[in-house]
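K.L.:
Starting from the known structure of chain S, arrange chain H on it as the hints suggest.
There are 2 protein chains.
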Amino acid sequence: MNDTFLRACRGEDVEYTPVWIMRQAGRYLPEYQKVRAGVDFLTLCKTPELAAEVTLQPVDILGVDAAILFSDILIPLEAMGMKLRFHENKGPVLGNPVRGAGDVERLRVPEPLESVPFVLETIRILRKALSGKVPLIGFAGAPFTLATYMIEGGGSKNFINTKALMYREPEVFHSLMRKITDTTIAYLSSQIEAGAHAVQVFDSWAGALAPDDYAVNSLPYVKETVKALRPFGVPVIYFVNNCGGLLEQARASGADVIGIDWRVDIGEAVKRLGGKVSVQGNLDPCALFSSVDVLRLKVEDILKKGRTARGHVFNLGHGILPQTRPDMARALVDIVHELSRN
Amino acid sequence: MNDTFLRACRGEDVEYTPVWIMRQAGRYLPEYQKVRAGVDFLTLCKTPELAAEVTLQPVDILGVDAAILFSDILIPLEAMGMKLRFHENKGPVLGNPVRGAGDVERLRVPEPLESVPFVLETIRILRKALSGKVPLIGFAGAPFTLATYMIEGGGSKNFINTKALMYREPEVFHSLMRKITDTTIAYLSSQIEAGAHAVQVFDSWAGALAPDDYAVNSLPYVKETVKALRPFGVPVIYFVNNCGGLLEQARASGADVIGIDWRVDIGEAVKRLGGKVSVQGNLDPCALFSSVDVLRLKVEDILKKGRTARGHVFNLGHGILPQTRPDMARALVDIVHELSRN
Chain S
49 MNDTFLRACR GEDVEYTPVW IMRQAGRYLP EYQKVRAGVD FLTLCKTPEL AAEVTLQPVD
109 ILGVDAAILF SDILIPLEAM GMKLRFHENK GPVLGNPVRG AGDVERLRVP EPLESVPFVL
169 ETIRILRKAL SGKVPLIGFA GAPFTLATYM IEGGGSKNFI NTKALMYREP EVFHSLMRKI
229 TDTTIAYLSS QIEAGAHAVQ VFDSWAGALA PDDYAVNSLP YVKETVKALR PFGVPVIYFV
289 NNCGGLLEQA RASGADVIGI DWRVDIGEAV KRLGGKVSVQ GNLDPCALFS SVDVLRLKVE
349 DILKKGRTAR GHVFNLGHGI LPQTRPDMAR ALVDIVHELS RN
Chain H
49 MNDTFLRACR GEDVEYTPVW IMRQAGRYLP EYQKVRAGVD FLTLCKTPEL AAEVTLQPVD
109 ILGVDAAILF SDILIPLEAM GMKLRFHENK GPVLGNPVRG AGDVERLRVP EPLESVPFVL
169 ETIRILRKAL SGKVPLIGFA GAPFTLATYM IEGGGSKNFI NTKALMYREP EVFHSLMRKI
229 TDTTIAYLSS QIEAGAHAVQ VFDSWAGALA PDDYAVNSLP YVKETVKALR PFGVPVIYFV
289 NNCGGLLEQA RASGADVIGI DWRVDIGEAV KRLGGKVSVQ GNLDPCALFS SVDVLRLKVE
349 DILKKGRTAR GHVFNLGHGI LPQTRPDMAR ALVDIVHELS RN
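In the order they appear, the protein sequences are chains S and H. Counting from 49, one number per residue, gives the positions in the first sequence under our numbering. Counting from 49, one number per residue, gives the positions in the second sequence under our numbering.
Okay, chain S solo, but in the shape it has when bound (with noise of 0.2 Å):
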């Protein structure tokens, strides 16, 4: 198996720089287009055969140094308790959003192979199917960011009832946090045992918060999952989207690497991470639009700049836009095998 994407998670030597892309099965893909034009994305999620399709999708067209399983970070919330649809262009709906002490108690932490067992026969087929190829990362949404979509019913843009139930109500929103908190570990958990090389907790929504609010409401959660999972020995990412103000603390999440956006100079992020950790990332999604002449440029950049981690792992500073030309992204993965074998 190619395992470069492992060692530079460890921050062990690489004869180049491993390159995987975060929401690469996905909408920019015809042949992604292809599975989801016969089926509901909730049902591509829960159908282990096409989920595993769509995963091995950019492992080939892309060649890619890590396939990361298909599906959705809300998609454990249901067995908790949430009404969950995806609208079309609208994004999740969490019908039954958690607002009061009364809603938290009635959320369950629900027990993986009851209640997910679809994600771990995924994972258990991508395991055979890539025997040989490149390592799998599972994943999750950390428990702050699932917070918000339980708490807003969906996406938000101010986050007014998450940060309000946060405040007013501190109690009720650290019981919440618990509840989830407990199902993450489980669900990665459960995602290691079935056959997962590495996880990557996903903390899209951090970034909201401003720093002394991360430090008690999300940075506590994501610290004790990663060391709840330290025993399985796989290596641990931890994406903190919107982390320019948040990067001293990210480092004390006890994460192997530690994702960032492209809103922050990635030298800068290394010398704010201190030495201890790998990192991702993490090129401007919207860099896809330009030349291959500027993406060069882009590239060797981030490249120089990610030498003076102890590891690096290229990747988007976010999710692949849907309106990327594929040739676009499978010139991305050329250029940082070229450029960095150099």
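One or more hints might be untrue.
Note that the list lumps identical chains together, so a pair holds whenever it fits in one copy or between two copies.
[What the hints assert, rightly or not] The list that follows gives simulated cross-link-like pairs (lysine-lysine, DSS-like), each with its CA atoms no further than 25 Å apart:
#: 1; residue 1: LYS205; residue 2: LYS138
#: 2; residue 1: LYS275; residue 2: LYS205
#: 3; residue 1: LYS131; residue 2: LYS94
Treat the hints as calculated values from the structure; they're not laboratory data.
P.N.:
Okay, now just chain H, sitting in the frame of chain S:
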């Protein structure tokens, strides 16, 4: 006149920390809603008596230390040749987006006295009405932020068109920035000549750029704008939204005050900005959905850290949200005044 705000901008001694609130004249105030009920947004901006009336409301209702002209950053774009409309819930729409060289060529650099006489008249009315009260802040959008609206045709999530133009046709992008910058300098100069005591440049979308892209595509035009205003001798505030990755560069803007959003710790921001500028900010607008007790703790922390700067103007880290209770905004102003006097 209460010139505490102007003195804090210049880093001079103050008896207490001055405070104003971004979007302090706006939808959260019933008094504003009443004026707005009879007139659409654009007409309100263009009717000096009404614009002056809503500008004055928060001065009396909240007790803030500065008034800010009621207008919109997109107002000067109409005379450049952009078709501007405001939709009730969708926000601004620019009907003829700039996508190529021909579009840029057709744009004019208008003369403020002819193109925005209503803005200048509003300022003259306010100068009289405010005499002996508080200073008046004029404002404009930063050139890059204005460019995003012109290129995208309105607000945007990912700024694909803006960045694609920036990467693929840099000459076209920079010729657009040239015209916007010239327009902005003339616009702000005319506001100061009409009586504004200070001006704020809003770079609301600078934070969507990777730092190396910001260095080339936003900062130089801000520097030029600030420099052109220097002869007037009034304080210039540069608000950089989502500034976590940009602070070291923002200090090179030459502005007297750097306005920062709530996603960074203001104490860290002061360190990264160096000692030669004042800072403005940076309470999370959602903190106004907490209790007065929580608010006091958060204000106290920001005031303490703000004291490490040359000067500190208290503000939210972004515009006040329409859902905010006016009594919480009033409480904020009182708490800032009370705690900073000690």
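K.L.:
Confirm or reject each hint.
P.N.:
Here is how each hint holds up against the structure:
Both within a single protomer and between protomers do LYS205 and LYS138 lie at most 25 Å apart by alpha-carbon distance, with minima of 13 Å and 14 Å respectively. Taking the shortest Cα distances, LYS275 and LYS205 never come within 25 Å of each other, neither inside one copy (31 Å) nor across copies (35 Å). In this assembly of identical chains, LYS131 and LYS94 lie within 25 Å of each other by CA distance solely inside one copy; the values are 15 Å within and 47 Å between copies.
Violation of the numbered hints given earlier is confined to hint 2; every other hint is satisfied by the structure.
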